[in-house]
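Colleague: If you want the building blocks of each chain, they are given just below.
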Amino acid sequence: MVNDENYFPEDYITEEKTSPSEATEEKYKKELDEQENKEAMKKYGISKPVRIIIKARIIDDKD
Amino acid sequence: MIKIDKSYQERLAQGDIIQNVEFIEYAIEKAGIIEISKIVFPYIIVLTQDCDLEQDYNNRQDTNPSNQDKQIISVIVAPLYNVEHIYDGKHLSELGLQMQTISKNPKKSDNNNLKNNNTPRYHFLEFDDAVEIVDSVIDFKHYFTVNANYLKEIKKTHFIGKVDVLYREDISQRFAAFLSRIGLP
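Order-wise, the sequence lines are chains A and B.
Numbering-wise (numbering that gives the first Met the number 0), the first sequence opens with residue 0 and increments by one.
Numbering-wise (numbering that gives the first Met the number 0), the second sequence opens with residue 0 and increments by one.
Derived from the structure by calculation, the hints contain no laboratory data.
Among the clues, some could well be false.
[Said to hold, decoys possible] Here are the simulated EDC-like pairs of lysine to aspartate or glutamate, each with C-alpha atoms no more than 16 Å apart in a straight line: (1) K29(B) to D59(A); (2) K103(B) to D127(B); (3) K2(B) to D87(B); (4) K151(B) to E24(B); (5) K54(A) to D169(B); (6) K107(B) to D127(B); (7) K89(B) to E24(B); (8) K2(B) to D128(B); (9) K2(B) to E168(B); (10) K54(A) to D127(B); (11) K5(B) to D138(B); (12) K54(A) to E168(B).
Computed from a prediction, not measured in an experiment: that's the story for all the values here.
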């Protein structure tokens with residue numbers, strides 16, 4: 000078992016969002032940071048559930 | 000207008016509204032690749048009975064319990080959706096789902112039933128401006144469970160407030176009624 004948390008290369012873990020478009024995603028991220036702005040929430044409708052898919056490659060100690 | 004108590008308490012409580020809670024749809028491993036799909040719900044409300052949550056907390060805090068009988072594994076929660084999105088049936092559009100629409104006209108019966116909590120499936124919540132959530136609807140049909148430890152941890156940083164006792168009793172009763180409804184042909 001590898002314990003060094005810096006061991007994994009950058010492409011080890013990919014996070015793939017199935018949200019419709021990158022523009023929506025960017026808007027969602029931006030508005031997520033500003034959730035205290037109630038008007039922004041109403042306007043952009045960021046208060047919607049999103050699906051996130053994470054993929055990770057298993058690294059064998061022998062690799 | 001629903002009353003919200005914003006004071007934080009460490010233990011989970013019925014009526015807690017918590018932000019950005021994850022629901023794991025699946026976790027699989029195929030050909031050396033682990034794939035995890037999760038849905039992040041912007042807001043959820045805790046529906047598990049408060050006495051169960053209190054007993055769970057007390058048992059876990061006890062340094063020398065005689066047993067762990069009162070501990071619970073998961074907590075029942077339900078999502079809150081923006082009422083404006085509910086009207087258009089677009090509240091799950093990011094998941095590729097189109098839901099039934101409800102009239103925005105307050106004179107229409109479906110709108111009236113929603114706002115007066117006469118629709119068994121939904122519970123409408125009108126928040127004060129001091130609360131950072133728009134008017135929302137709990138969808139009882141979309142209840143799910145989350146790991147109790149996970150929810151307790153995430154509550155530390157994602158707690159919004161707790162529905163006041165009287166209002167949460169109403170929500171609890173309506174949820175129980177929805178679950179125990181009898182479908183007739």
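Colleague: Run every hint past the structure and note whether it holds.
Modeller: Status of each hint after checking the structure:
1. K29(B) to D59(A): holds, 15 Å
2. K103(B) to D127(B): Status violated; Cα separation ~20 Å.
3. K2(B) to D87(B): Cα-Cα ~27 Å, so violated.
4. K151(B) to E24(B): Not OK: K151(B) and E24(B) at ~20 Å, beyond 16 Å, violated.
5. K54(A) to D169(B): Given that 16 Å is the threshold and the Cα spacing comes to 42 Å, the pair is violated.
6. K107(B) to D127(B): violated, 25 Å
7. K89(B) to E24(B): violated, 21 Å
8. K2(B) to D128(B): holds, 11 Å
9. K2(B) to E168(B): This hinted pair holds, its Cα atoms lying about 12 Å apart.
10. K54(A) to D127(B): violated, 41 Å
11. K5(B) to D138(B): violated, 23 Å
12. K54(A) to E168(B): Roughly 41 Å separates the two Cα atoms, so the pair is violated.
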